[in-house]
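Numbering-wise, the sequence shown is residues 1 to 130 according to my numbering.
Take the hints with a grain of salt, since some may be wrong.
When the alpha-carbon atoms are kept at most 30 Å apart in a straight line, the in silico BS3-like pairs for lysine-lysine are as follows [unchecked claim]: (1) K68 <-> K38; (2) K48 <-> K65; (3) K68 <-> K48; (4) K48 <-> K38; (5) K44 <-> K68; (6) K44 <-> K65; (7) K38 <-> K65.
Quick caveat, the hints were computed from the structure, so don't treat them as lab data.
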Amino acid sequence: MIRKGRGCVEVDDIFEALGLEDAAELRAQTLLGVEVSKRIRATKATQKEIAARLGITQPQVSELKRGKVERFSSDRLISLLGTLGCDVELRVTPAPRRRAGRFTVKAAQVHSDPNSTNSNTIEWNARRPT
Numbered sequence: 001m002i003r004k005g006r007g008c009v010e011v012d013d014i015f016e017a018l019g020l021e022d023a024a025e026l027r028a029q030t031l032l033g034v035e036v037s038k039r040i041r042a043t044k045a046t047q048k049e050i051a052a053r054l055g056i057t058q059p060q061v062s063e064l065k066r067g068k069v070e071r072f073s074s075d076r077l078i079s080l081l082g083t084l085g086c087d088v089e090l091r092v093t094p095a096p097r098r099r100a101g102r103f104t105v106k107a108a109q110v111h112s113d114p115n116s117t118n119s120n121t122i123e124w125n126a127r128r129p130t
């Protein structure tokens with residue numbers, strides 16, 4: 001949805017607002033990249049050590065840390081999250097008939113406290129087929 005007001009335009013989904021055909025894929029890739037970046041930043045290791053652990057180069061670690069994920073597929077980002085000690089769960093369920101399906105990414109916050117249950121949820125709705 002696009003809303004205008006006070007000299008600015010507010011959009012719910014930048015990828016959709018740009019009219020990109022693969023908007024859902026780009027959102028997923030971006031959100032997964034954000035999670036990889038958070039996990040990399042939370043480690044005490046050097047970029048070189050992280051690169052060795054992930055099986056990528058140090059410059060790639062630097063890119064991920066800065067949120068540059070365009071060179072990484074969603075599958076690769078999911079694999080990196082697993083290597084960084086994250087459980088990644090994809091679940092498919094039928095949507096109610098009254099609405100189109102939606103894509104949801106839920107990510108636990110990175111904390112040093114293992115008992116923390118805080119999480120971030122990012123959700124968007126698919127378009128209803130016409």
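K68 and K48 were given as a pair; does the straight-line alpha-carbon distance stay at or below 30 Å?
The hint holds at about 18 Å.
Tell me if the straight-line CA distance from K68 to K38 falls inside 30 Å.
holds, 13 Å
Restraint check for K44 with K68, where alpha carbons must lie at most 30 Å apart:
The given pair, whose Cα atoms are some 21 Å apart, holds under the 30 Å limit.
What's the verdict on K38 and K65, does the C-alpha distance respect the 30 Å limit or exceed it?
holds, 8 Å
Sort out whether K65 lies within 30 Å of K48, counting only the CA atoms.
holds, 13 Å
Within a Cα-Cα threshold of 30 Å, do K44 and K65 meet the stated pairing?
Holds, at about 13 Å.
Hint check: K48 vs K38, CA-CA at most 30 Å. Holds or violated?
Cα-Cα ~17 Å, so holds.
Of the hints listed earlier, there is not a single one the structure fails to meet.
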